[in-house]
Amino acid sequence: GQNIDQPTEMTATEGAIVQINCTYQTSGFNGLFWYQQHAGEAPTFLSYNVLDGLEEKGRFSSFLSRSKGYSYLLLKELQMKDSASYLCAVGDTGRRALTFGSGTRLQVQP
Amino acid sequence: DAGITQSPRHKVTETGTPVTLRCHQTENHRYMYWYRQDPGHGLRLIHYSYGVKDTDKGEVSDGYSVSRSKTEDFLLTLESATSSQTSVYFCAIGGTGENSPLHFGNGTRLTVT
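So the protein lines, in turn, are chains A and B.
Letter by letter, the first sequence follows residues 1 to 110 of our numbering.
Letter by letter, the second sequence follows residues 111 to 223 of our numbering.
Think of the hints as simulated: they come from the structure by calculation, not from any bench.
Where is the CB? At the ideal position from N, CA and C, for every residue including glycine.
Check the hints yourself; a few may be wrong.
To spell it out: a stretch of chain A is covered by chain B in this simulated footprint if at least three of its residues, at any positions, have a beta carbon under 8 Å from a beta carbon of chain B; those stretches are [unchecked claim]:
1. 16-30
2. 63-71
Sample of chain A residues facing chain B (criterion: CB under 8 Å; computed from the structure) [to be verified]:
3. Val50
4. Gly53
5. Phe60
6. Leu87
The following residues of chain B were derived to be distant from chain A, with all beta-carbon distances above 12 Å [as the list claims (entries may be wrong)]:
7. Gln116
8. Glu124
9. Thr125
10. Thr127
11. Thr130
12. Thr136
13. Arg140
14. His151
15. Val162
16. Asp166
17. Leu188
18. Ser190
19. Ser210
20. His213
21. Thr221
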């Protein structure tokens with residue numbers, strides 16, 4: 001099975017940097033995914049890591065350490081529109097399904 | 111948008127009644143999924159399909175059934191709705207590659223009274 005942990009809530013200031021951590025335990029690993037979900041909307045894909053290291057995509061970066069079962073999402077130059085839930089998910093082989101953590105609700109303050 | 115339409119978007123039903131939710135895709139993807147999302151639990155997999163007439167259970171499949179008679183349509187049925195099935199239901203489609211991300215429909219908010 002899969003077990004995924006991430007903080008429930010975080011608060012940060014506009015213009016700052018925030019790091020959202022995710023730890024996982026899995027029996028079959030096929031990539032680590034990050035999604036953004038605004039209230040009342042569908043999750044949207046942000047980033048994907050399958051190998052160790054940092055993947056950068058504009059203001060967002062995601063890091064993976066497979067040996068530690070650890071990932072983080074780094075958001076730079078925070079904007080008010082970044083207030084949302086951020087979902088960490090692990091892919092499994094075979095089903096091609098994702099198992100999600102409970103999500104981290106990020107509130108960006110002026 | 112990834113070409114996924116869920117219907118209805120909102121539904122209120124009474125305990126004990128059958129309910130069917132529909133997911134329609136225009137992307138011709140082989141893999142389709144039904145998730146439910148509840149506060150404190152995140153997204154949980156109900157059922158998934160890996161082809162026409164090929165379906166399998168997820169982690170929270172009790173009380174739900176699915177059917178896929180065409181590539182583009184994946185139906186989720188609650189045979190006899192219960193209050194514990196009040197939730198937001200998301201359909202998702204898988205990409206063409208093994209490591210492709212899932213893309214989600216806009217969700218169906220179901221309330222069972």
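Structure-based check of each hint:
Given as covered by chain B, the segment 16-30 of chain A fails the check, having 1 residues with a CB less than 8 Å from a CB of that chain where 3 are the minimum. Three residues within the 8 Å Cβ limit are the bar, and the segment 63-71 of chain A against chain B gives 0, so the coverage statement is violated. Hint on A:Val50 holds. Least Cβ distance to chain B is approximately 6 Å, under the 8 Å limit. Taken as an interface hint, A:Gly53 does not check out: its beta carbon lies about 15 Å from the nearest beta carbon of chain B, beyond 8 Å.
Taking 8 Å as the C-beta contact cut-off toward chain B, the hint placing A:Phe60 at the interface is violated, the least distance being around 14 Å. Satisfaction of the interface hint for A:Leu87 is found here, the shortest Cβ-Cβ separation to chain B being roughly 7 Å, below the 8 Å cut-off. For B:Gln116, the condition that its CB be more than 12 Å from all CB atoms of chain A is violated, with the nearest at approximately 9 Å. No Cβ of chain A approaches the Cβ of B:Glu124 within 12 Å, the least distance being about 25 Å, so the stated non-interface status holds.
Remark: the non-interface label on B:Thr125 is consistent with the geometry, its nearest Cβ contact in chain A lying 25 Å away (cut-off 12 Å). The non-interface label for B:Thr127 is consistent with chain A: the shortest C-beta to C-beta separation is roughly 25 Å, beyond 12 Å. The claim that B:Thr130 is not at the interface with chain A holds, since no C-beta of that chain comes within 12 Å of its own (minimum 20 Å). The Cβ of B:Thr136 lies farther than 12 Å from every Cβ of chain A, with a closest approach of about 16 Å, so its non-interface assignment holds.
Residue-level check failed: B:Arg140 sits 9 Å from the nearest beta carbon of chain A, not beyond 12 Å. The non-interface label for B:His151 is inconsistent with chain A: the shortest C-beta to C-beta separation is roughly 6 Å, within 12 Å. The beta carbon of B:Val162 is kept farther than 12 Å from every beta carbon of chain A, the shortest such distance being approximately 16 Å. With a cut of 12 Å on Cβ distances, B:Asp166 falls inside the contact zone with chain A, its closest approach being about 7 Å.
Under the 12 Å C-beta cut-off, the non-interface status given to B:Leu188 relative to chain A holds; the minimum distance is some 20 Å. Once the 12 Å rule is applied to beta carbons, B:Ser190 is consistent with being away from chain A; the minimum gap is 26 Å. Interface exclusion of B:Ser210 from chain A breaks down, the closest Cβ pair being 8 Å apart, not more than 12 Å. The non-interface label for B:His213 is inconsistent with chain A: the shortest C-beta to C-beta separation is roughly 7 Å, within 12 Å.
The claim that B:Thr221 lies off the interface holds: its Cβ sits roughly 15 Å from the closest Cβ of chain A, which is beyond the 12 Å cut-off.
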